[in-house]
Amino acid sequence: MSEYVIEVENLSYSYPRKANVLRNISFKVKKGEVLGIIGPNGAGKSTLCKALNGLVPHFYGGRFSGRVVVAGMNTLEHTVAELATKVGLVFQDPEEQLSGVALTVYEEVAFGLSMLGFPKEEIDVRVKEAIKKVGLEGLEWRAPFELSGGQTQRLAIATVLALKPEVLVLDEPTAQLDPIGKFEVFSVIKKLAEEGSTIVVVEHEIEELATFADNIMLLNEGRVVAYGPARKVLGMVEELKKCGVNPPSVTELTYLLKKEVGVDLEVPITLEEAIKIYGEALGVM
Amino acid sequence: MGLLRRTIAEVETFVHRLDPRTKFFFFLWISAFAYLFCDYGVTAILLAACLALAAYARVLRPIGLTILIIVLPWIAVDVFVLGLGPFGFPWNETEIFRFNIFGYEVPVYYEGVVWGVTWPLRIGVCISSAMLFFLTTNQARLVSLLVKLRLPYRYIYMVIATLQMIPMLVDEANVIYQAQVSRGLRTDVSLLKRAMHYFALMVPLTLSTLYKVQVRAIALESRGFSAPVKKTILYRTTFATEDYIFFAAMAVATAILLYVYFTYGFSPIAKMRFYIIAG
Numbered sequence: 004m005s006e007y008v009i010e011v012e013n014l015s016y017s018y019p020r021k022a023n024v025l026r027n028i029s030f031k032v033k034k035g036e037v038l039g040i041i042g043p044n045g046a047g048k049s050t051l052c053k054a055l056n057g058l059v060p061h062f063y064g065g066r067f068s069g070r071v072v073v074a075g076m077n078t079l080e081h082t083v084a085e086l087a088t089k090v091g092l093v094f095q096d097p098e099e100q101l102s103g104v105a106l107t108v109y110e111e112v113a114f115g116l117s118m119l120g121f122p123k124e125e126i127d128v129r130v131k132e133a134i135k136k137v138g139l140e141g142l143e144w145r146a147p148f149e150l151s152g153g154q155t156q157r158l159a160i161a162t163v164l165a166l167k168p169e170v171l172v173l174d175e176p177t178a179q180l181d182p183i184g185k186f187e188v189f190s191v192i193k194k195l196a197e198e199g200s201t202i203v204v205v206e207h208e209i210e211e212l213a214t215f216a217d218n219i220m221l222l223n224e225g226r227v228v229a230y231g232p233a234r235k236v237l238g239m240v241e242e243l244k245k246c247g248v249n250p251p252s253v254t255e256l257t258y259l260l261k262k263e264v265g266v267d268l269e270v271p272i273t274l275e276e277a278i279k280i281y282g283e284a285l286g287v288m
Numbered sequence: 008m009g010l011l012r013r014t015i016a017e018v019e020t021f022v023h024r025l026d027p028r029t030k031f032f033f034f035l036w037i038s039a040f041a042y043l044f045c046d047y048g049v050t051a052i053l054l055a056a057c058l059a060l061a062a063y064a065r066v067l068r069p070i071g072l073t074i075l076i077i078v079l080p081w082i083a084v085d086v087f088v089l090g091l092g093p094f095g096f097p098w099n100e101t102e103i104f105r106f107n108i109f110g111y112e113v114p115v116y117y118e119g120v121v122w123g124v125t126w127p128l129r130i131g132v133c134i135s136s137a138m139l140f141f142l143t144t145n146q147a148r149l150v151s152l153l154v155k156l157r158l159p160y161r162y163i164y165m166v167i168a169t170l171q172m173i174p175m176l177v178d179e180a181n182v183i184y185q186a187q188v189s190r191g192l193r194t195d196v197s198l199l200k201r202a203m204h205y206f207a208l209m210v211p212l213t214l215s216t217l218y219k220v221q222v223r224a225i226a227l228e229s230r231g232f233s234a235p236v237k238k239t240i241l242y243r244t245t246f247a248t249e250d251y252i253f254f255a256a257m258a259v260a261t262a263i264l265l266y267v268y269f270t271y272g273f274s275p276i277a278k279m280r281f282y283i284i285a286g
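Top line first, the protein sequences correspond to chains A and B. For what it's worth, this note's numbering labels the leading residue of the first sequence as 4, then goes sequentially. For what it's worth, this note's numbering labels the leading residue of the second sequence as 8, then goes sequentially.
Not one of these hints is a red herring.
Within a straight-line C-alpha distance of at most 30 Å, the following computed DSSO-like cross-link-like pairs (lysine-lysine) qualify:
1. B:K237 <-> A:K131
2. A:K185 <-> B:K219
3. B:K155 <-> A:K123
4. A:K136 <-> B:K237
Chain B residues, not near chain A, derived (Cβ > 12 Å throughout):
5. A51
6. G71
7. L91
8. T101
9. N181
10. V188
11. Y205
12. T248
13. D250
14. F254
15. M257
Hint data in this document are derived by calculation from the structure and do not stem from the laboratory. Everything numeric in this text was worked out from a predicted model, so none of it was measured. Quick reminder that beta carbons are idealized off the backbone N, C-alpha and C, glycines included.
With these hints in hand, go ahead and build the complete structure from the sequences.
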């Protein structure tokens, strides 16, 4: 079996009424890897996420070419329901992804499992595990609509974690959350990343992404502009800026210090790294 | 937002604990008796029983409000149309009294008044018992009931989701209306114009609803909704002691009602000669 959980080769896609949303995209993701996808609005990030669980093209139709293989399953040859246990997709708006028929957090997490016909005993075990993983213990019998934004998004993550997917795909999971909600959700993602989950995450919060992503892909107008280790891609300040993506502040500062003043420092991508690098440069560490 | 959210999740009474089948049977049972008797007294007692259960289950407010909005105005119109004059109702024959209006003597007939009161009360019994079932039944248990009735899961979801979508749509309409008011939509206009404003909501509301439906469909599909397997139902519906007690009470009430029915002939076929309550 391949060491890669996700293999995307020459993927191109057009919606029925929007052409060339994805153009010739290729990448591979290893088990336990965290891939961050960044890019401006309309770059094709969400479409790429939907291609990973088969919604593109099964749900939307359109023109699809290339090959997407997730956990050994070619997405063209399997239904979205079959892929549901392989790829868990979490959407931007936490409320829109809830089933709408569950009155408690427990029932909401159990929904997908019951749709897939899991035995009740296993559903119970998996639901409890998933709720624990996202830190919603004690809220099992609370109604989903009573949760805060961050809690609702964590619930959404739990609903896909319960299916034990081999890949977790998060499409801008913090876009509609307040700072506390963002913190809660990032904490869960980081924890899952540390535990070895394979994660593909679309995120505008580059500074947070830099703290846990192994690789980053920069998309623009449906094309891959840059792809590689997070440090390398986030260090491409000019390219990021050209695409309308702000690099981490500390990375941009270091870049400008070199460009404008001639101070040549190692390029940090997180605040912690910057403190260390600047501290050493200033001789205080 | 929404009736469900204020009731089922927050309270747990004897009525809530009843098996959905028991409550559904109660709805059918009491509605059948409301139609079997053509008598405002008996029908009012049946409605009072529903409202008493609603009060006990702490859902009197939404049910009572619905009854007030539907039944009372209906009675007012029906009594006026059916009770006045000899032609308002085909079986009008017993004149109760006359009153003078603009120099005309207008007779008020007993049969028309009774019919005008009884029919809305019957509808009130049906509505209140149906709402009692709906407002006190956990959706998961409702799903379980519908599965037992062998309804395909796709249709079961459609029923449940529709019930949930209504309050969501009301919220969405409010948001769009407020957005339009913020952009200069005038509110200090006549009632007719304000009604026209609501038509202006239709296009954005329809578009936003279609979008939400699509997103919901995608989310469901991603969670295996259409997987060709037998769905697991989390809650098995089982009759408990409370259900048997409730059935016993219904059996006693059935015996009493049937005794009254066969003794006094409270039947619509008897064409109104059986109204002992009104004399």
